[in-house]
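Colleague: Now for the letters of each chain:
There are 2 protein chains.
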Amino acid sequence: MMSIYDQVAALCKAAKEASRSLSVTNTAKRNEALLSMRDALLSDMPAILLANERDMCAAAENGVSVPMQDRLRLNEARLRAIADALGALASLGDPLGAGEIFSRPNGLQIRRVRVPLGVVGMIYEARPNVTADAAGLCIKTGNTAVLRGGKEAIHTNRAIVAALRRGIAAVGLDENAICLIGITDRESASALMKMRGLIDVLIPRGGKGLIRSVVENASVPVIETGAGNCHMYIDASADVEMAVRLTMNAKAQRPSVCNAIETLLVHRDAAEAFFSAWRGALDAFHTPIELRVCPRTAMYFPDAVSASEEDWSTEYDDYILAVKVVDDIHEAIRHINTYNTKHSEAIVTRDLENAALFERTVDAACVYVNASTRFTDGEEFGFGAEIGISTQKLHARGPMGPDALTTVKYLICGDGNIRT
Amino acid sequence: MMSIYDQVAALCKAAKEASRSLSVTNTAKRNEALLSMRDALLSDMPAILLANERDMCAAAENGVSVPMQDRLRLNEARLRAIADALGALASLGDPLGAGEIFSRPNGLQIRRVRVPLGVVGMIYEARPNVTADAAGLCIKTGNTAVLRGGKEAIHTNRAIVAALRRGIAAVGLDENAICLIGITDRESASALMKMRGLIDVLIPRGGKGLIRSVVENASVPVIETGAGNCHMYIDASADVEMAVRLTMNAKAQRPSVCNAIETLLVHRDAAEAFFSAWRGALDAFHTPIELRVCPRTAMYFPDAVSASEEDWSTEYDDYILAVKVVDDIHEAIRHINTYNTKHSEAIVTRDLENAALFERTVDAACVYVNASTRFTDGEEFGFGAEIGISTQKLHARGPMGPDALTTVKYLICGDGNIRT
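Those protein sequence lines, which keep their order, are chains A and B.
Counting from 1, position 63 in the first sequence corresponds to residue 85 in my numbering; the numbering is continuous, with no gaps.
Counting from 1, position 33 in the second sequence corresponds to residue 55 in my numbering; the numbering is continuous, with no gaps.
It should be emphasised that the hints constitute simulated quantities derived from the structure, not laboratory data.
Do not take every clue at face value.
If several chains are the same, the list does not tell them apart, and a pair holds so long as it fits within one copy or across any two.
[Stated by the list, open to error] Computed list of lysine to any residue pairs in SDA-like fashion (alpha-carbon distance at most 20 Å, straight line):
| no. | residue 1 | residue 2 |
| --- | --- | --- |
| 1 | Lys173 | Val262 |
| 2 | Lys35 | Asn151 |
| 3 | Lys38 | Glu353 |
| 4 | Lys173 | Ala80 |
| 5 | Lys38 | Gly121 |
| 6 | Lys38 | Arg356 |
| 7 | Lys230 | Trp334 |
| 8 | Lys230 | Leu313 |
| 9 | Lys35 | Asn359 |
| 10 | Lys38 | Asn359 |
| 11 | Lys35 | Arg133 |
| 12 | Lys173 | Arg208 |
| 13 | Lys38 | Asp385 |
| 14 | Lys173 | Ala306 |
| 15 | Lys38 | Thr363 |
From a predicted model like this one, the values you see are computed outputs, not experimental measurements.
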């Protein structure tokens, strides 16, 4: 019997082999594959929903949390949406093949063209939609994929991948373009992180623990995604009504996601007006929002919990918000650059100079002026699809569209040119 | 006394702090700094040459190899060239601040602008020119640098960095923009590799051992550079005279560099004509080139050493060349994709279809048709300067110009937009 490492390596080799043919397909063929994958998902709907039912029963038995059960659950509408997303990918523009061309004085002609990365590894948790989304984005961009989803979704993922592979084979492409690692223990994830030379990039999607483990242990190149300790700063000159609206949206429209804010910073000159208007909005909101406050904020919210040093670096992903009054914009920027995860940061202001200062000096993928941080998202940015939100600076930053799964290649043509 | 780790961390913190002011300087100020750095190098010439003399004496005493002594040696002309390179950087275009702008249906305006990475770490060996080159490229691109050069060059590097820092301070910028790690043992390099959160990218430059150690041990993001097991393939239809000229240039014009070829692949139908013409060129060449040959090549070079499996993956960096006869272009491409380091690969052919097949399916940063692999170089590509040659696919691939030291930032402006 092969070791888990060898089993994972065998899958990666198959995906690498498949990438040689995938990488030279044309746009029309890859889009045909996407439509065929969509059709296969739809025609396998009963089998996929049955497999999901099995995962849901196991999840209930094993006491999996209710939010995780919700992320795991498929139904006809959700599966149809997943299939439709593959169709939508087919009508997106093709990032491959385009590029620049330039010539050198010696007559060498240099083309810089966009090509696939090769093999993309994904490690993720219980969301079965990631399986189809990632597979679709990889096929769109001429890459092949090795997927390692969470154990809670294993039956659903197997059924989805079986359909996708049939769809790929139906248009004459290598079904190993999409490989699922069937073993869901920690060892299979560790093995995938070590497949240097076979995996061209590894993208973790999920909670903080998962992402940290991948970043620290992988020897293959990684794109770090998703950690979001985001801030909103209410400047002295802010429009109070706008500040209240943006704060409520950025914190509470969907608190579980990475682009929601975790700390609110308020200029001391705005504190009185802002806090009294905000109190009304908090009281009127359907869910209580717990505040963790600095001493100066406590004067306005005497019943609130005091913030500890740890609160400034905590990503609650919940109806909890840390609040701090600052002396000026410089203190706000210093606080943000000390505690943030370089994801999304916002200022509410009517002061042009402060807006520019904030944009220039806050170190983050996305910096907002008078808008909610919740817009950091591939769809909202108009990229058509999203493979994740990069919080690193190398290769890709912020919402990653299909482009992020490509690299470049230089093609140089001469007529016998030598270097002298 | 601080531990080596803490000393390195203190330098990295100083460089991080300096990067906050450097990153918001304008083009004119950064170019002014480059000219001031050049002037400081020139006015410190006696001190720098004296320090270099000290390193050269130690190198001779310690039995450092002659090629390494040559890389270490400075003289007035070399130092002037290093200073001139800083001046040339000042007249290059600025990659920062440019970008794209687009709007969304909800009125959000999104700007995607090019910004500095932050703090660049460099680990390199005995070449003191890397110290000034890297410092110049970092200042050009609004980054700060933490440099860790080899112990052989420590006095030279100290003198160069002292001059550069004085030049930077003279225009009112933070001299900690360029920091040199004065400790040159293995521990200081290991410490630099672990400065996650302080170092934004680490670029190793030097031999294979150094690069492998960085890639395997770093927890900060790395750009892998320089490993070059490059090939030239002589197709059946190749012009024999051109094939001989390109082979000699790609192997022997400067065999110690990463873009020189290490294995020559020859189509069996070209073997007789090519090998007899090539023999004349080999005999006429000023230095003997040692061949490591496959059995079919041995028929033409009966005295040559037989190639072992290891030869196909060896980067000789010397007057040694492995030679193999292949049945067709497919075997050549398979051989290359099995053994190459994704650096530079060339085909010599008159067949359009084979040229296209080679370009499409060979996996490398640079793919040449009828030209020498020796052109893989930032200057030769017209980038004005080069920080290294990336052999990875993420972020930067092939010769890296100033652009490779930048990332992007999304700036989003609204008028109170919330997500619904």
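Colleague: The structure should be examined with respect to each hint, and the outcome stated for every one.
Modeller: Hints versus structure:
In the homo-oligomer, the alpha carbons of Lys173 and Val262 never lie at most 20 Å apart, since the shortest distance is 47 Å inside one protomer and 59 Å across protomers. When the C-alpha separation of Lys35 and Asn151 is checked against a cutoff of 20 Å, the pair qualifies neither within a copy, at 25 Å, nor between copies, at 42 Å. Proximity of Lys38 to Glu353 under the C-alpha cut-off of 20 Å is restricted to the inter-copy arrangement: shortest distance 18 Å between copies versus 50 Å within a copy. In the homo-oligomer, the alpha carbons of Lys173 and Ala80 lie at most 20 Å apart inside one protomer (10 Å), although the nearest pairing across protomers, at 60 Å, exceeds that limit.
Taking identical chains as interchangeable, the C-alpha atoms of Lys38 and Gly121 are never at most 20 Å apart, the minima being 25 Å within one chain and 35 Å between chains. Taking the shortest Cα distances, Lys38 and Arg356 sit within 20 Å of each other only across copies (13 Å), while inside one copy they are farther apart (45 Å). Only within a single protomer do Lys230 and Trp334 lie at most 20 Å apart by alpha-carbon distance; the minimum there is 16 Å, versus 43 Å between protomers. Proximity of Lys230 and Leu313 under a CA criterion of 20 Å is satisfied in neither setting, with 22 Å inside one chain copy and 54 Å between copies.
Proximity of Lys35 and Asn359 under a CA criterion of 20 Å is satisfied inter-copy only: 13 Å between copies versus 42 Å inside one chain copy. For a Cα distance limit of 20 Å, the shortest separation of Lys38 from Asn359 across copies, 11 Å, qualifies, whereas the shortest one inside one copy, 40 Å, does not. In the homo-oligomer, the alpha carbons of Lys35 and Arg133 never lie at most 20 Å apart, since the shortest distance is 30 Å inside one protomer and 40 Å across protomers. Taking the closest pair of Cα atoms, Lys173 and Arg208 come within 20 Å of each other only inside a single copy of the chain (10 Å); across copies the shortest separation is 42 Å, beyond that limit.
Taking identical chains as interchangeable, the C-alpha atoms of Lys38 and Asp385 lie at most 20 Å apart only when they sit on different chains, with a minimum of 12 Å there against 37 Å within one chain. In the homo-oligomer, the alpha carbons of Lys173 and Ala306 never lie at most 20 Å apart, since the shortest distance is 40 Å inside one protomer and 67 Å across protomers. For a Cα distance limit of 20 Å, the shortest separation of Lys38 from Thr363 across copies, 16 Å, qualifies, whereas the shortest one inside one copy, 33 Å, does not.
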